[in-house]
Structure formats: structure tokens, C-alpha cells
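Residue numbers (my numbering), protein chains in the order written: chain A, 1 to 504; chain B, 1 to 504; chain C, 1 to 504; chain D, 1 to 504.
There's no promise every hint is true.
As the list makes no split between identical chains, a pair holds if one copy fits it or if it spans any two.
With a cut-off of at most 25 Å between alpha-carbon atoms, the simulated SDA-like pairs for lysine to any residue come out as follows [to be verified]:
id: 1; residue 1: K337; residue 2: D297
id: 2; residue 1: K435; residue 2: L464
id: 3; residue 1: K354; residue 2: H325
id: 4; residue 1: K337; residue 2: H325
id: 5; residue 1: K46; residue 2: E323
id: 6; residue 1: K198; residue 2: F35
id: 7; residue 1: K198; residue 2: L143
id: 8; residue 1: K284; residue 2: D345
id: 9; residue 1: K337; residue 2: Q283
id: 10; residue 1: K212; residue 2: R200
id: 11; residue 1: K46; residue 2: R306
id: 12; residue 1: K354; residue 2: L334
id: 13; residue 1: K435; residue 2: F102
id: 14; residue 1: K54; residue 2: L334
id: 15; residue 1: K284; residue 2: A210
id: 16; residue 1: K198; residue 2: T476
id: 17; residue 1: K198; residue 2: L57
id: 18; residue 1: K284; residue 2: T357
id: 19; residue 1: K354; residue 2: D318
id: 20; residue 1: K55; residue 2: H184
id: 21; residue 1: K284; residue 2: M336
id: 22; residue 1: K284; residue 2: P322
id: 23; residue 1: K337; residue 2: I292
id: 24; residue 1: K46; residue 2: H325
id: 25; residue 1: K55; residue 2: E423
id: 26; residue 1: K32; residue 2: F48
Note that these hints are calculated values from the structure, not bench results.
Number of protein chains: 4
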Amino acid sequence: TPFTRRRGSSPPLSSRENQSAAYMFDSQQEAKHLFEMMIHPVTPQKFFNELWEKKPLMVKRRNPNYNNGWFSTQELDRILREVGAFIFEAGFYGISQEHLNFTENIDVVTYENGKRETHNPVGRAYAPVLWDHFQNGCSVRLLNPQSYSRNVWKYLSVLQEYFGCFAGANVYLTPPGTQGFAPHYDDIEAFILQLEGKKRWRLYDPRNDAEKLARFSSGNFSEDDIGNPIFDVILEAGDLLYFPRGTIHQACHFASGCTLEDDHSLHITVSVSQLNSWGDLLQKVLPRALDIAIDEDVEFRQSLPRDYLRYMGVAFSDQVCPERHQFMRRIEQLMMKLLSYAPVDAGVDQMGVKFITDSLPPVLTRTESACSIHGNGERWDDERQCIAGGVELQPDTEVKLIRQGCLRLVSENDSVSIYHNLENSRTYHQRECRKLDVAAEVAPAVEYLLHTYPDFVSIDDLPLEDVTDKVGLAVTMYEQGLLLTKEPLVPLSDSECDESPVEM
Amino acid sequence: TPFTRRRGSSPPLSSRENQSAAYMFDSQQEAKHLFEMMIHPVTPQKFFNELWEKKPLMVKRRNPNYNNGWFSTQELDRILREVGAFIFEAGFYGISQEHLNFTENIDVVTYENGKRETHNPVGRAYAPVLWDHFQNGCSVRLLNPQSYSRNVWKYLSVLQEYFGCFAGANVYLTPPGTQGFAPHYDDIEAFILQLEGKKRWRLYDPRNDAEKLARFSSGNFSEDDIGNPIFDVILEAGDLLYFPRGTIHQACHFASGCTLEDDHSLHITVSVSQLNSWGDLLQKVLPRALDIAIDEDVEFRQSLPRDYLRYMGVAFSDQVCPERHQFMRRIEQLMMKLLSYAPVDAGVDQMGVKFITDSLPPVLTRTESACSIHGNGERWDDERQCIAGGVELQPDTEVKLIRQGCLRLVSENDSVSIYHNLENSRTYHQRECRKLDVAAEVAPAVEYLLHTYPDFVSIDDLPLEDVTDKVGLAVTMYEQGLLLTKEPLVPLSDSECDESPVEM
Amino acid sequence: TPFTRRRGSSPPLSSRENQSAAYMFDSQQEAKHLFEMMIHPVTPQKFFNELWEKKPLMVKRRNPNYNNGWFSTQELDRILREVGAFIFEAGFYGISQEHLNFTENIDVVTYENGKRETHNPVGRAYAPVLWDHFQNGCSVRLLNPQSYSRNVWKYLSVLQEYFGCFAGANVYLTPPGTQGFAPHYDDIEAFILQLEGKKRWRLYDPRNDAEKLARFSSGNFSEDDIGNPIFDVILEAGDLLYFPRGTIHQACHFASGCTLEDDHSLHITVSVSQLNSWGDLLQKVLPRALDIAIDEDVEFRQSLPRDYLRYMGVAFSDQVCPERHQFMRRIEQLMMKLLSYAPVDAGVDQMGVKFITDSLPPVLTRTESACSIHGNGERWDDERQCIAGGVELQPDTEVKLIRQGCLRLVSENDSVSIYHNLENSRTYHQRECRKLDVAAEVAPAVEYLLHTYPDFVSIDDLPLEDVTDKVGLAVTMYEQGLLLTKEPLVPLSDSECDESPVEM
Amino acid sequence: TPFTRRRGSSPPLSSRENQSAAYMFDSQQEAKHLFEMMIHPVTPQKFFNELWEKKPLMVKRRNPNYNNGWFSTQELDRILREVGAFIFEAGFYGISQEHLNFTENIDVVTYENGKRETHNPVGRAYAPVLWDHFQNGCSVRLLNPQSYSRNVWKYLSVLQEYFGCFAGANVYLTPPGTQGFAPHYDDIEAFILQLEGKKRWRLYDPRNDAEKLARFSSGNFSEDDIGNPIFDVILEAGDLLYFPRGTIHQACHFASGCTLEDDHSLHITVSVSQLNSWGDLLQKVLPRALDIAIDEDVEFRQSLPRDYLRYMGVAFSDQVCPERHQFMRRIEQLMMKLLSYAPVDAGVDQMGVKFITDSLPPVLTRTESACSIHGNGERWDDERQCIAGGVELQPDTEVKLIRQGCLRLVSENDSVSIYHNLENSRTYHQRECRKLDVAAEVAPAVEYLLHTYPDFVSIDDLPLEDVTDKVGLAVTMYEQGLLLTKEPLVPLSDSECDESPVEM
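Please take these sequences and the hints and turn them into a complete structure.
Here it is as C-alpha cells:
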């Protein structure tokens, strides 16, 4: 199995760089393997049957390198020094993205005597300033490390396909002998990967049914609020801890009753399932269901009884009278009818578009880049001072989607749109996702590409009437970066300049 | 019966001024009588069983004065001259409200050759300018005549209690030989009272089921759109025409096939039931039902299946697979559960507050004024140059609500509020309705006043523990204008100045 | 002199009602007379030479009725009872304006032990509730009495023409033995007219030059802030007190050292000259002057010296160097040049439009009403059920403006606009003033009407080429209510209905 | 001279990379040298005396490499491929900035038959898509190349210090035989550096005085609008063309009468002096001058004459009367007085802050980086898994500002602020510039650093009382990246971990 295949690799994640040729032949498979590795040796089947949204899991690995490849304190140091730096060595040609700021991108905090304090300076987060704070006992929280770390970006972009929802992350670095955050619960399913050092975690049951699978994060609790822990463990480098949203948790580096070595701790929290519940879907479906019912069913448009204000209302809720009974029966009947008007599939598409909007763009392998517009096609030939390398999709060119989960096909009124995440920012919601309007007639061809994924298909096999339409759709999608070709397209003429069409 | 009592009076409505002492002993009864008179000789029972929201009704009266008292062309002329005039004779001491403006308050339009045109000048509607347009063939529409005509205000404020929803009106004056408006349907139940002259009306069935009891008014239709009339009648002064929302209608003053005398036409359209349907109530109830279910029921908070985006959605709606089936079953179960969380009474209270917000303030009789803060209490005694006339509510003072429908008692979170329309503007939605927050403990006393209406009750009978609380609530409501006393309160000392408390 | 003419009348203001035929033949004269009466026996010449914006003035009249006609406590009582009342006797046909609210329209306050407190209840100001507070020692402030009192409206609308700026007012009613407001200064020239009872006033010099003719009102001072009074007087009914803006003042009803009878006090404060200074005009002129200079003069468009940031700026202000000197010289030269670009007349027109926007609409006499669209022209003849009374302006009709100060003619870009206050609200700034765009060619005719005021002129004398244009302009202005005819226009045919043009 | 020193280098700009140790010892000198090189062999003195803002200049170089180092078509190709790419080789550790979008960052346009058309696709600018358009005859405009090209960034950040205002750039790439843009003029002083190929330029005088040194760019002209060219030249690689704002220009690649080789053309336009004129300064100074005058001088607060609206205004501008004369005289006097209130230095500081806001952050040499917080200080020692490298500023540490023009010291009310551009984005106005509030007492020390630049000074020499304050200010500025040390600070202890202060 793919999982076994990877098992020997030690550390498993970081070694995968070298497999770039084979990498990503199937984004769903890839996602599955990544998750299997994360929770190994627990199987996904067992995990989703017994633990998911039910109870915490800790996996002890006795292998401090098991989680290697995700992130390190050294990477944090380099990010602080090099991202947005005003000088750097060539290698990559362009200019780095803008620098990190305190508060916006990174926090330095203390938690002492039950009180959390933020110590963020104003402005740019220079490495020496950050390390000064760290040495003075501040914990560091790096928000959205996927914006700066290529590996975090890559892993999260893979995991999001597995979970069908946005996968986020934060990184926490704690100096020896301190505690970073007050007890609280979050609104996400949390996977804690301990990367360096050790940390003691204590988990507590949700305080009541309403806090189970909590929809919104809590404020900070005091020790008095939270009862006894159901879990009190030392997480060591290589270990994993999972707990459902609503689970109260606190982490300490040094606490009465536990002696940890004089060492820093670094972990990354991977989060999924925020606002991704049945209730969230119903919030999209129900108002539209009612709108449709009102449009289509005259019973929903009939006036309320003339005198209903005189027996309905909270002030009348204790009264027993036939009018109330009849009124409530009518409400019941109408709500039953509502079911048949519920646009569930359209609601799911709204969730799907939200997912595309939230999601990270894919990280491509060199092979993928070479087989797509990302790395192939016309380029400036500096020697000959002209454009060269032009390529063309042909009816027999074999193509597939670059990722199965990178687009959503949606019917809106009479038009059809492809929402895709190829132009998303690595920073959450910085840009709208790209929307590509296509003719309703080509929808089946896009669906065909979705259903045949991960296999390559000839452009000629697309279920469209006309070969021009087939190639036209393929070119449109290729130029948006959505299609991979099976082989790198061969330039029309490799040894000379492309002829300019206007010259013909 | 009250109805019989009024029957002999001719014209029935206008004569009621003189009965002010007895008038309004019971706003519900009063409302019923007014409506009975409007549709006489049809009975309300027959009307609501057979016609309401089903089919049109015309009542021919052969009595041109039957609708007198509502409005007249003469009243329109006086309104234009006197409202907002810069000079006027004493009588009423204060200053008139602001003048009428074209477009905002009054329209002049033509409808010729199937095309409607608006001819509104800019700015103030001076009477001569309006009559000029009228003589040139323009129809006149006066919007919200209740803002200027005391009788329209009074009748609408009574009708709104009967229908449990806002009652509005427009007045239409058409010169001889013209048609004022294109065929269309409206979003309200329409009662047309012909006041002067004659007019030919043609009604057409809704064009399809979706337009029955239409929720929103249509645009203008051409003759080709609407088929054959189901009703083609001449309405004469004193007659009534009713038709449900969605009924296409057009009125003409002169048309091929019908010869009307060379006379103007004046009618008032009374409208009810706008956005007052079961669907409107559900729009308030359902989102809150879902919020409550999500809060209270963990099943609504569970994550959607990891892979649902791969088999749900419009692109997959033709597929048959067990996952889809199971997904839809789950939606069904959750929607069934929703019923038990639906806050129907709270939703009705929202509708009730909306009604208070929309509604007109009451018109009071002189007796009512004398028995309330509106006409009784401290006044400036100009002769003695001091305050006189102070009155006090006592435990044995008998009181009742000034109208049953002028307030709504609502529980919001932990507090209780009385929304009332006593300070509403006569202009629709110009001000928020007044909200009076009271202690939760006094709610039963307010309910008691609602349930005992129209009888007077002693303040001492209010279901509160303490006599101070009883009088306190009564004073609060009295000072908001909400309570009537059975007899005008007698000033503490009629022949001298009130002593000032600060002097004691 | 006009002043003498009125002198015999006692009380002078209130008797003027009966002179309505002659009244307002010249709004400037009328304004002058009113002001002469206000400050009598001081003459305007003396007042503006010696006192205006310089020092306070008190006029003792020994005639308690001298200020009669402005306002009274009785009028306040009637306003509270009748404005917005839900019932009233006929007389005036229409409906009264909306009721008064606490805070928005009327305040009840106390000032005790140096601390001001506002006791405004929420919502409608019912008379008994207000008098209750008054009896408990609250002072009453009625804001903008011109919105409710016809006389205050009339006097202010006349005074505004005299001062060329908005004239406002507030009314203060104080119970015996209290003080209503803390010491402070205002941003307006204040004329205090004592209407009933007595009040002790103490005035204090501005504390420094910057507070002289203060542009903005002060906060409340304590006794320690303000030094010794320069004025300590008892104002009695009929008296006048004037003081310039910036003068600190306090009024008390009863204070140590002074014993006032046990009586209430009522006064009205008339205010003028708010934001109406040379500086206000320059604020309109200067930015446009600079815009014009930059457009027209290349010297203003030349770049600043390359290195000016290295010797100019506050950090360099102590340095002496030739570059600084030269830079400052250049600034000086440019500012001198600016003068020649200053659009002073256009700036004055902006001030003029602001005045029209701020100003009250005129109060008309019955004669004025009868000679204008306000009272003349087509009306509904209820007996004959038709329109009658149509009138027409003829070339030989003699006309004049209804007031000289009710309009402002302004050139804006290539168009010419007449701004007028005829449709202004009595409530400050409730509506934009009306703007009437006319052809640039007719501007001289409008100017002719301004310059010939208060004389009547034949329409035929308007300096326009074409008689059609002359009558056209006259009709346009007449229909906006701007023109008076010398005699009431005689209806075309008094004994029959107007023929409708469409019938011809 | 420095100029001579660099003259031998061929190509001069590109070779400077190697001089990084000496580079930037004085940003003013550096800026001067760069500009000298740009216009060589014309001297700055001659340029600013005879040409600047007066007439165009062309320098023929006969050296196609003279402008090398600024930009190339090859660099454009790499930017399109590598900026925002989803895959890239290590080298630089972080992640590249976001990709380029059409319209936002890059335009593709044609200009044919006098008509300009934009052909921008939607979304991301993939290189093959851009080159396709180029081959089809589109010109390419890259906006703000400084955001992507390190050299453009570096040169512009140097030039901005020379000109004391924002220096911007655009890059234009034109395919053979086409014209990219219609004739027009711009609002900036333009320096055209021809980088590759040739282009024919035609310049035309401003059409009138108002367009000289135009404040705003024009729309597109047709040939008929612009008369005969004053300049008709072929610009070849290595050449320079300068012209003042307001100069109408058009460039063509191939035109009747001129035959250019079949080659593309690439040039960069460097722009300065946008909205940086005396008029712009006065727009900041005058309103505040008037505010101050109104505050301080009672004459500005005196009321306008009561009757001024009756003789001032555009309608009265032709009248001759003493009141007008006197009014205008008064305006003159007040404007003369205004001069003495004009806060010229404060206005310059506002311009200075605007410059800091607009400006690019500096590009640092490796030496500069090593001698500042940008490259020195605490770092993560991955081997020892601890923080190492801590440094400390001492009283005898010698420091200087990192650039003279990177900060502006401003007094605002009672506080003193340092505005600096160290955290500015390379994208124009993407972020506010950083503002650092300091105590008023330390202002002289900051001024001292400004005046002693480019010399190093001991922290101990800062003109402050207390050595703690001296070091405190130095640390604050050092941690904002504003200070360079003469030598790289030596870590406290290089061979071991820094001791954590909290442990002590």
C-alpha cells in the first residue's frame, strides 16, 4: 500500500521531495496517504469510526523525527530574516513577499498567574526583536505559517482535499518553563504535531452538551471553571495529539507535578472543520427553500388569520385554545411541505464555492509545472532576442485536471461557472477566488474531467459535439492553469523563433 | 346591533362625528362595524368564507352618498391650499405640517396609447399648478392621504385593528375621458370605494398560479399580456369593488364600447395584507429555529461527510448512489427535528412589533382625550400665571387601554418591552415606534389589561403584589398616553394654583 | 420716520397683525423697523457704531408689555397640547404637524450647586409631564420656537433680511428661585427679550483676546474661571439685553444678594451672526483662489526646489541660511499674486446660497397670499364640481419679488441658478433649499427684479428680447411662489368652469 | 570626481553590484552620481539651469549597453515565470510574493488607426499568454517594475533622495512595426531610457500656457490636435530622452517616413515631480494659515457687513460703488495679514511626510545589512538549539542613519514623531508609512543624526543629558532598522547560547 511504501522512509515527510516525478498523480490518494501518516498507526477507518468528533487521541512515536518536514525553529528564524529582507542573494530571481508584522502575522505573549498578556511591539517583526522577547519568557505564535513555509503550504493544500474543507495551521514556540495560553476550547478539530522539545497537555471534557463540537471558540477559562482533566500527557517530538472542537485544553511547559527538561517546545496545530457542519449547510438551504416554497406554493402566500395577534405570541403561550392548536398545526404542515422545496444540491454547491474561496492554491511538482502553463509554453529567447517555445493543444493531447479539488462547477441561474483556487492567495481570503464563466453546453465536458480524474483523457474524448469546442474548452482551462498534459508539450519549433501571426 | 344602529344614518360614516361620547368604547367592535359597513350588505362571514383571497366582489349601492365621509375632491383642494400655507387664520393655534411636494406626496400622470407618463413638476405642489395639469388631462394620485385627511386617518387606524396588519390608502382623481394607469396587479388586497363620478373597471385572472396572491406588484402589462376580462363593470359613487392581490386590473374613464358621462372620477383604494402571509411569518421563525437547533442539538453541529462535495451538488444531481440517498435522508431527519425548535410565538411577536411599527396612531374622541393625558392634567393657568389642574391616579381609579391593538407586549431575552404606536407618525415609518421597557414582573398586569379590554378595571385589581407597583405601572402607562380613565380625573384643586413640591 | 409711526402702538409688535394690507410692501424697510423697535430708544446707527460686537447693552423699558407678541407661557402650553394632538376642532382643515419630543425639541434641566443636569423623559412631551417637571424646579428650554409659533417665525424671517444671515431663537422658562444654565459664552450675537417675570443676569468679559467674538461656544465654566462681572442687572418684562459672542453670561432667578419676587421668568433669545465672519468668507474664497492660480499661472506649477526638505521644516526653523530666506520670499511673492486670482464675488455667492439654505421661508399677509400663487389661481369649485378661477399673467401685469432676500442668483460654470427659500422647512436644514435652473440669458431680468424691488414693474419691462420670454420667466417664477402681482389676478371667467384645454 | 570615477565602467550601472562594501556611504552623493550618469555628458548644473521644466533633451550614446542594469526583456520573462510560481528551487528560503495580474500589474494594448485598445485577459498573467498577445502585435506595459525588479527598486530608491519626491517607473515593450500609445501628455517629468531596440519619438509643445507643466495628464489626442513636432528622433539602446510634463509625445515603432529594423523595443520611463509644486505646498499651508489667523486675530472673526449680499456677488460684479470698493480693500488687507500667520515650515513637514509615505524603502548592501538589525543580532542556533548572537549598543558605539532621506522628524501639537519608510511596501501606498512617537526632548538628538550624516557619531555624542537616554534613543531607532553601526556589532558571546534574562 502507499502507506507501507512510505513507512520505511525516516523521516517520512521530508524525504518526499525527491519523488517529485511521481508525486501527485492523484490528489485524493495523496491526501489519504498524508493523513494516514499523520495518525499512523491508527487507521483512518478506526479513527473516523471511534474518535473523530468523539474523543481525544494521543499517538506516542518514540521517534523524534517522525514529524520532521513540517516546520522547525530554524525555519522560523530564516523566515524572519529573509522574508521581506531588503537584500538577498540571487538564486530565485524575483523579490520576496512583504515582511512579517507583529500582531498581524506573529504574536508574543505570556501567561502567568492565570493571566494572558500580549507583548507585541509595533511594526515589523525583526528576528532579533522577536528573539529578545522569547528570551524574556514570551511564547511565540506564528499565524498562517502556510504563507511563508512552502512545506506547510504543501501539506495543508493536500489535507484540504481529504477533509473537503479549509485546513489551517498555527505554530507555537514556547521557551523553557513557561505556559503560553490560558485554558479554552476552539471551534476546530485540532491535530497537534509536536515538532521539537516536549510539552505537557491537559484536556477537559466540554462542560455541557451545548459546548460539545462547539461552533465558536470560548474565551479564556480559569482553573475553577474546568474541573478535572480527562487527559494529562507529555507530548514529545514526533508525537501527535488530536481532540475534537469543544474540548477544553491547556498546555504548559513547566508545571507543578511535572518536570520537563530545560528545553524549548515547538508544535504546529493543524485545524479543520470550522463552520462545516450540517447546520451550516442548512443555513444555506433553508432560506432558499422557503423562498422557493413562497414562489411556487400559494399556501405559503395566504394571509395569516386576521386575529392571530390576539392568541399567538409569548404572552399567550400558556393558553390552551383551539385557535392556537390550529395555528400550530398549520405551521407544521407548511414545514413538512418545505422539505420538497429544499435545494440541497444548490446549497452544497454554495458550500463548495466557499471551500474553493477558503482553500490554498496547490503546490506543483516540477513535472506538473513542465506539463502545464505554469512551466511550459512561449518564453523569451534572450540569445535570439525573440519569442520561442510556443506549444499547441491538439485533439489527441491527453489531459487531466491539475487537482480534483481545485475547482467547483456551479449552475447559477442560466449560466455555468467554474470557481477555482489556482489564483488564490496563500493568505486567507486576500483575494476572491477566480470565477470562469463558461457556456452551459460545456458543463458535461468539465464534469467528464472531474469523473475521469486521475486518469488522462484525450481532448477528443470530451463529450462535446465539435472538435473546435473540445480544443477551445481545453485551451481555456489550460490557460487558467487548470489542466495538465500527460507529456510536456513539444514546442512547435525548438531551434528558431516562433513566427509572429501578424507577420503572416 | 351596532351595525343596525348605524344603518339608518345616511351617509353613515360622516354622521358619526357626533357620537363621540359613545365612540370607541371597544376598538375591536368599532373595527368590525366599520368593515361591515364597507362591504354591506355582504356579511363578513360570507366575505371571508367565499371571497377573501379568492375572487372579486362588486357591491352596487344606488346611493351616491354611501361612501361619503372618506374623502372628496374639495378636501384635496383644501389640503393643497392649506397644508404648509404660510398664512392662515387662527382657530387652530399651532402651525400646519409641511407642504406637499410632487413625486414625494402627489403624482400627476397620463396613460395614453398604452404608455404611462409621469408629468410631476419639481418641488412644492401648489394647487393652481396641480389643477392646470388636471385640466390638461393628467390623473392625480395622492399618496398616503391619511397624512393630511383626518377622516382617512381615523378609518384606517380602525381598520388596521380588524385586519391585524397595516391598512394603507391612495386616492385617485381622474379627469373626464382619460385612463390613469396601465393594467397591472398589486401586492395588496384592494378595496376600491368610489367617491365621486364613475369609472369603468376591468379585472383579469392572475396569469398563472405563481401570480395568485402575488407577493410583489407587477410591472405594467400591455393588452396582449392579459387575456379577456373576467369582470367589466362601471363603478359609481357609493359603490365598492374588492379584488385579491394578483388580480390584474385596469380602470378607464372613457373607453371604446363604454360611454361615461363627462365627469371626473374620484376613488380611494384601501389596501391590506401586504407581506402578511404564512411565508412571512416562517421567514422570521425558520432562521431562529435553525439557530436554536444548532445551539441545542449536537447533531446539527456534526461535520458534513468528508467527501460529500464529490457526490452532492447540481453537477451530481442525476446520479443515483447510496451516498446521495443517505445524505438526503439525513437532511430530512434534521428538518423534521427542526419543528420542535421552532419559536413560533416569538416569531408572531416579531410580526406583532412590525405591525405596531407600521400602524397609524389612533384618532381620539374628545371624551377619550379628556380621560387621558392627551387632554387632562396640569396646564398653564394664564390668569393666575401658574400651573393648575394637577391630577392623580388612585388605587380605585378605573382604567382601560386606549385601544386594544395599540400595543404589543414582548419578551426579549430577560426583559419585557411594550411597543406602542401612540407616538407613531401619520407618515409611514417616519419614526420608530416607541419601546417602553418594563420589569418582567409587571408583564401579567399588562396582559390583564389586554384580556379585560374593553372593560374598565380598578388599578387595585392589577395582578401585582404591591399597591405602589400597581399605581406605578398605571402612571407609567398613563404618561405614555396608553390608559384611559373611566371618568375625567378631577384636578386636586381646581380653584387655585398647584403647590409646587419643591416649595414644601 | 417709520419708527415714529409705530411708536404710538402699545404694545407695538402685537398690534401689527391688523395692518396686513400694507404690511410687507418692502421687506428691507420692514426689517429695519422691527430692529429699531427691538433696540429702541437706541438708534441702529448708534448701536452699530458703538455697541455691535463691542459691548453689552441693556434697555430698561418700564413697560412690561413692550415685548408682547413674541411669545408667552400660555403659547407654550397650547403648543404642547395642540401640536400633534390626535383630536382637534375644525377651523383649520388639515392636520397639525407632528408632536414635540423631549431632547429633540424641548429640554428640562436643573442647575444646582454648579452642576447642570438634564431630566428629559423619553419620547413625546405631553404638557402634564412637562409641567410636573417645571413644578419640581426644572427650567424649560424650547428649541427653535419658530417651528411652532407663527409670530416667532414671522419676526425671525424679517430679521434675517436685516442681518443678512440666519436668525435663530430659543425660549427659556424658569420656575421661581432657580438657575437654569451654567456660566458660558456662545457663538452668536445675543438679543435677550424678557417676556414675563424677572431674571438677574451677570455678564463677564471674554477671558482673553482669542475668546473675543468667539467662533465656537464654550463649555460650562465654574465661578472660579470667570472673574468679576462687568454687568449685574435685573431684566424685567419688556426689557432688552444685548451682548456680543464671547461674552460670558449667567442668569439666575434667585441668588445670594438679590431677592426676586416669587415669580417665573420667560425670555426669548434671538441669535444672529453665527459663522458669518470675514474668515468664513475667506474659507470659501481662498481654496478657489489657489485652484485658479494653479490653473492659470505656471509659477504655481513649478516644482519645489529639489533639496527644500533639507532646510525647510520645523526642525530647521531656527536656522538662518540663504536658501530658507529665498524660499520664504518666494512664498510671499506667490501669496501676493494670489490676491489677483481671488474669486471674491463667487465666494460671496456661496455665502448667499448658504444664507438661503439656512433661512426661514417668509410669512405672508393675506394680501400677499391673494396676489400670488399661494392664494390665487385655479381651485376646485365644489358646487359646480369643476375647476374654476384660472388666471393668466399678461405682459402688462405688474409684479415684484415676494421678498428681496428670498432668493440668490448664482452663476455656476455656464448655467445660472436661482436658489430660493420659499420651500424651506421651518425646521432648520430639514430640506435642501430649492434650486431653479434658468437660461443664462434671463439672468439680467432676474437682476432687474432684484434692483427695482420694492417697486412693481410690468412684465413687459423685463430686459429680455422677446415678450414670450418675459412672460415665460414671470410664469416660472410665479409658479415657484416668487412673484407678487400688484393686484390679485382676476379669474378668466368667474362664473363658470374653466374650459379644459384638452377639450378644445 | 565621483562621476569620473565611474565613467570608465562600461556598462556603468550594472557593474556597481561589486562595490557593495563602499556602496552607500552617503545616500545623497550616491543619488547625485546616479543622476549624473543618467544624463551624462550633460552636467546637472547645466540640466537644471537650462532644461529642467523648460525643454526636452536627447542624449545619443552610441553605446547600446549604456543603460544596462536597469531592466531587460529577459527579466520580464523571468518575473512572469517565477513571481508567484507554485514551485521553485531553493536558494531563497521563503516564498515569492503573489503573482502578477493583468490590468492590475500589466497591460497589453494596441494602437491602430488612431485608436487605442486594451486586450487584457482576466486574471493571472501567465508568461505564455502574455507572449501570445505580444506576438499578435500587442504592446506590453509593466506597471511599477520596482515591485518585482530589484535593480529598478534600487535605482528609484536612490533617485527619490535626489529629487526630494517620489520617483516612479513603467516599462514598455513593443513588438516590431507597431505603435503602443496615442499622443498625450503626462503629469510627470519623464526620463526615457532606451534599453533594447529602437523607437521613433515625436514631441510637441504644450498647446497653450495652461498645459505647460501640466498638473494632470491629458486624455488621448488625435493627430489634428497637436500641430507639428518640435522633436522627431530615433531613440536607440543606450540613449536618453527627457521632457517636461505637459509635453505632448508619441512613440512609434514603425511609421511612414521612417524605417526601423525589424526588432522589438524596450524602454523604461522614470518619472518624478508629480504634484510636487509650489501650489501643492500652498494647498497645505493656506487653509492652516487661515485657521490660525481666525483663531488669533479678531479682525478675521468680525461679522461681514450686514448688507454685503446686496452689492457683492457675481450679479453685482459690474457695479461701481463705494461699498464694493471698501469690501475689496478689506479682503486685500486681510489677505496681506494672512502671510504673517502662514505655517510654512509645518506645511513643508506635511510635504515631507507625504514623501516618506510615497517613497520606496531602501535596498541595503550586504555590509549595511550586517551593520544593522536587518542582518545582525540574535538568531536561532540550530546546532545548539538555542538563541545566540545577542549584541548591545554601547555609549561608544558609532552610528549613522541608514539613509538621510528615509525619515522625517515632525512636531505635531506637543508631540514629536519620526515618520520613516523602512517598512513601506514596494507597492505604492500599500501600507501607511511607520510613525514612531518619541519624547519632544529627544528631537535635537534626531536632528543631530540628520545634520551629521553621512558621518558616524558616537552614541555618547548625541545632545541629550543622560547616557541612558542616549542609548535608549539609539536602541529604539536601531530596532526600527534606522541606524547603521560603523562595524558589525560583535555578539556578546559567540561560542555559546545567550543566557536568558529570566533565568538570572
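Status of the hints after comparison with the structure:
1. Taking the shortest Cα distances, K337 and D297 sit within 25 Å of each other both inside one copy (9 Å) and across copies (23 Å).
2. In this assembly of identical chains, K435 and L464 lie within 25 Å of each other by CA distance solely inside one copy; the values are 22 Å within and 60 Å between copies.
3. Taking CA atoms no more than 25 Å apart as the test, K354 paired with H325 passes between copies only; the shortest distance there is 23 Å, against 41 Å inside one copy.
4. In this assembly of identical chains, K337 and H325 lie within 25 Å of each other by CA distance both inside one copy and across copies; the values are 19 Å within and 19 Å between.
5. For a Cα distance limit of 25 Å, the shortest separation of K46 from E323 across copies, 20 Å, qualifies, whereas the shortest one inside one copy, 53 Å, does not.
6. Proximity of K198 and F35 under a CA criterion of 25 Å is satisfied intra-copy only: 23 Å inside one chain copy versus 58 Å between copies.
7. Proximity of K198 and L143 under a CA criterion of 25 Å is satisfied intra-copy only: 21 Å inside one chain copy versus 50 Å between copies.
8. Taking the shortest alpha-carbon separations for K284 and D345, both the intra-copy value of 11 Å and the inter-copy value of 24 Å come in at or below 25 Å.
9. Taking identical chains as interchangeable, the C-alpha atoms of K337 and Q283 lie at most 25 Å apart whether they share a chain (18 Å) or sit on different chains (15 Å).
10. For the identical chains of this complex, K212 and R200 are intra-copy neighbours only, at 23 Å inside a copy versus 67 Å across copies, given an alpha-carbon limit of 25 Å.
11. For the identical chains of this complex, K46 and R306 are inter-copy neighbours only, at 15 Å across copies versus 58 Å inside a copy, given an alpha-carbon limit of 25 Å.
12. In this assembly of identical chains, K354 and L334 lie within 25 Å of each other by CA distance solely across copies; the values are 22 Å between and 30 Å within a copy.
13. Taking the shortest Cα distances, K435 and F102 sit within 25 Å of each other only across copies (15 Å), while inside one copy they are farther apart (33 Å).
14. In the homo-oligomer, the alpha carbons of K54 and L334 lie at most 25 Å apart only across protomers (20 Å), although the nearest pairing inside one protomer, at 35 Å, exceeds that limit.
15. For a Cα distance limit of 25 Å, the shortest separation of K284 from A210 qualifies both inside one copy, at 22 Å, and across copies, at 23 Å.
16. In this homomeric assembly, K198 and T476 never come within 25 Å of each other (Cα to Cα): the closest approach is 51 Å inside a single copy and 35 Å across copies.
17. Taking the shortest Cα distances, K198 and L57 sit within 25 Å of each other inside one copy (17 Å), while across copies they are farther apart (69 Å).
18. In this homomeric assembly, K284 and T357 come within 25 Å of each other (Cα to Cα) only inside a single copy, at 16 Å, whereas the closest approach across copies is 29 Å.
19. For a Cα distance limit of 25 Å, the shortest separation of K354 from D318 across copies, 23 Å, qualifies, whereas the shortest one inside one copy, 43 Å, does not.
20. In this assembly of identical chains, the alpha carbons of K55 and H184 lie at most 25 Å apart only when taken from the same copy (16 Å versus 62 Å across copies).
21. With identical chains, the CA atoms of K284 and M336 are at most 25 Å apart both within one copy (18 Å) and between copies (17 Å).
22. Proximity of K284 to P322 under the C-alpha cut-off of 25 Å is restricted to the inter-copy arrangement: shortest distance 23 Å between copies versus 35 Å within a copy.
23. Proximity of K337 to I292 under the C-alpha cut-off of 25 Å is found in both arrangements, the shortest distances being 11 Å within a copy and 21 Å between copies.
24. With identical chains, the CA atoms of K46 and H325 are at most 25 Å apart between copies only, with a shortest distance of 24 Å across copies and 48 Å within one.
25. Proximity of K55 and E423 under a CA criterion of 25 Å is satisfied in neither setting, with 37 Å inside one chain copy and 46 Å between copies.
26. Taking identical chains as interchangeable, the C-alpha atoms of K32 and F48 lie at most 25 Å apart only when both belong to the same chain, with a minimum of 13 Å there against 64 Å between chains.
The earlier numbered hints that this structure contradicts are 16 and 25.
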